[in-house]
Amino acid sequence: MFVLFFVVFIFILVLPMIMDRLIYEVTYRNRIVELHLEAENASAFMVGGRTYLQLENLIKQSNIQIVTLYIKDNGLSFSQNQALRLLLKRIQKSGKQIWVYLYARERTSLYLASVADKLYMFPTGAIFWMGLGGHHPFYKKMLDRLGVKADFERAGSYKSFAEPYTKEQASQEYKEQYSSLLDSIQLQLLEGVSNDRDVNIDKLKALLHSSPIDAQKALELGIVDVLAYEDQFVQEAKECTKSSSISLSALSRWVQWRKYCNWYARSHPKIAVLHLNGAIHEQGDDGNRIIQHQVCKQLQYLKKNDAIRSVVLLVNSPGGSAQASEGILREVELLTREKPVVAFFSSVAASGGYYLSSMVGEIIALPSTITGSIGVVGGKLVVQEAAQKIGIHLEDISVSDDHNMFSLLTPFSEDQRNRFQGFLMQTYDRFLQVVSGGRGMPIQAVQKIAQGRVYTGAQALENGLVDRLGDLNLALERAKVRANLKSYEVVHIRTRVTWRAKIKRQMRPFGIVKLPESLSLVRVHSMVPLTYWTEWEEFDVLHDQSPLP
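Quick note: the sequence shown uses this note's numbering, first residue 59, plus one each step.
Careful: at least some of the hints might be erroneous.
[What the hints assert, rightly or not] With a straight-line cut-off of 30 angstroms between C-alpha atoms, the simulated DSS-like cross-links for lysine-lysine are:
id	residue 1	residue 2
1	Lys118	Lys147
2	Lys130	Lys176
3	Lys263	Lys147
4	Lys130	Lys151
5	Lys261	Lys130
6	Lys447	Lys199
7	Lys176	Lys118
8	Lys544	Lys118
Rather than coming from a laboratory, the hints here were simulated on the basis of the structure.
Starting from the given sequences, assemble the full structure and let the hints guide the process.
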């Protein structure tokens, strides 16, 4: 009995202390942490991604002096670059330097790199510094030739989803809203580089017509600090710190082990970050979409869990099903009655993505977030003529004249079109009422900024659709204030398809829709404290951050 007690004592108390010290010694020998941004790993740098969260934890690592970032092929959108840029600025405020080695040539890469304390560039490189814009394809003539008719209706003159299929060229409203978006984002791009590189903004505007900018000219203009090869960059960082470098992933593994050795963190109150990524659907088993029944279960769990004191909705969605959005909104509304809820808008939170967030206590967005789109659109692609062209005869046998309202083989009749338009207007009116109630705005004020129009986060702040501009950290701080917390631990709640669901998906073509009950008992053991499963999806609760002051 004494021997057993001694073994338990060593395992529970002594071993964690030894491991803690060992990990501390191994980790703190390094003063440089390096990371590489490439197209293949770009998703990890997105808000809430693995590398993004590892960088968040880096802020608290006092041993690190320099963060070296190699930008080789930037696969991030402008808003995701902006979010990463804000995070790098917070790392700088924690007393660390950011050194960037720039391979990539895109303007967004320079925008991200401009935050650097020292910006290095490949000696024979170039920067393609051009204004924003792009070609928007319109398919109506092609569809006409194929015998396909786009039969759509909308509520909101700026709700432009169907325009590429119903028009031969862009309407004035289409051009107006997209030009406005580009103007706002380009101004953020210019101001960001101008402020951080101390280059006159008028010079940067003039350079938009002088691309490409070669490395030597970029050095002369002060856009970059040093022209050097990668080995020279590495050597200078080592000489500056008198130490070697460690990869961010390796450092994070050690830090994670240290955190598990410190059990006190489990007792701190928690703020949950619920990841809502993708289009909104009523049903499905795809971990890359927002599925109503999955999200509702997660929200119900958050409401019942007493350890979770506040919730942040991390929204990255262009919208989707109105009915699914309504169902999720209901659960969000019930959650707000129990706990403070804050929404953070990542790259896009438009249409249904805005709808399901509109009743939270506070909305935070990036300056370049695409949001708004308060409107409704719906319809169908009619392939009747295309079927006739290839010799398919369509025989209508029915007991109702209205059976084909949503058939892809016939267009709307005049009566069906009127009823469908009335349904869309009813849904639009509900959208206006929800935004009016959630944002505390008169419905007439909402109507002026609605009509399906999209805005950047900066524009949305001006018209009252969001409350503050900032990153995920600001959303967490606002959640902390609203919950009256002194310290907190963050848990990230995500959805991914379980092995059971994947097997069921593969078996469906064979008529097998139920699996032996024994398969439902499969569990994946993890080091994370809590893992929640349902029949169709897995809820991973990841403790990514230790308590913050």
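Hints, verified against the model:
A threshold of 30 angstroms between alpha carbons decides the hint, and for Lys118 with Lys147 the separation of about 14 angstroms falls inside it, so the pair holds. Under the criterion of a C-alpha separation no larger than 30 angstroms, the hint pairing Lys130 with Lys176 is consistent with the structure, at around 17 angstroms. For the given pair, Lys263 sits about 24 angstroms from Lys147 by alpha-carbon distance, which is consistent with the 30 angstroms threshold. Restraint check: the Cα-Cα separation between Lys130 and Lys151 comes to about 25 angstroms, which is no more than 30 angstroms; the hinted pair holds.
At roughly 26 angstroms between alpha-carbon atoms, Lys261 and Lys130 fall within 30 angstroms of each other, so this suggested pair holds. A threshold of 30 angstroms between alpha carbons decides the hint, and for Lys447 with Lys199 the separation of about 16 angstroms falls inside it, so the pair holds. Note on Lys176 and Lys118: the hinted pairing holds, with a Cα-Cα distance of about 22 angstroms set against a maximum of 30 angstroms. Taken as a hint, the Lys544 and Lys118 pair is honoured in the structure, with Cα atoms around 17 angstroms apart against an allowance of 30 angstroms.
In summary, the structure agrees with every hint in the numbered list given earlier.
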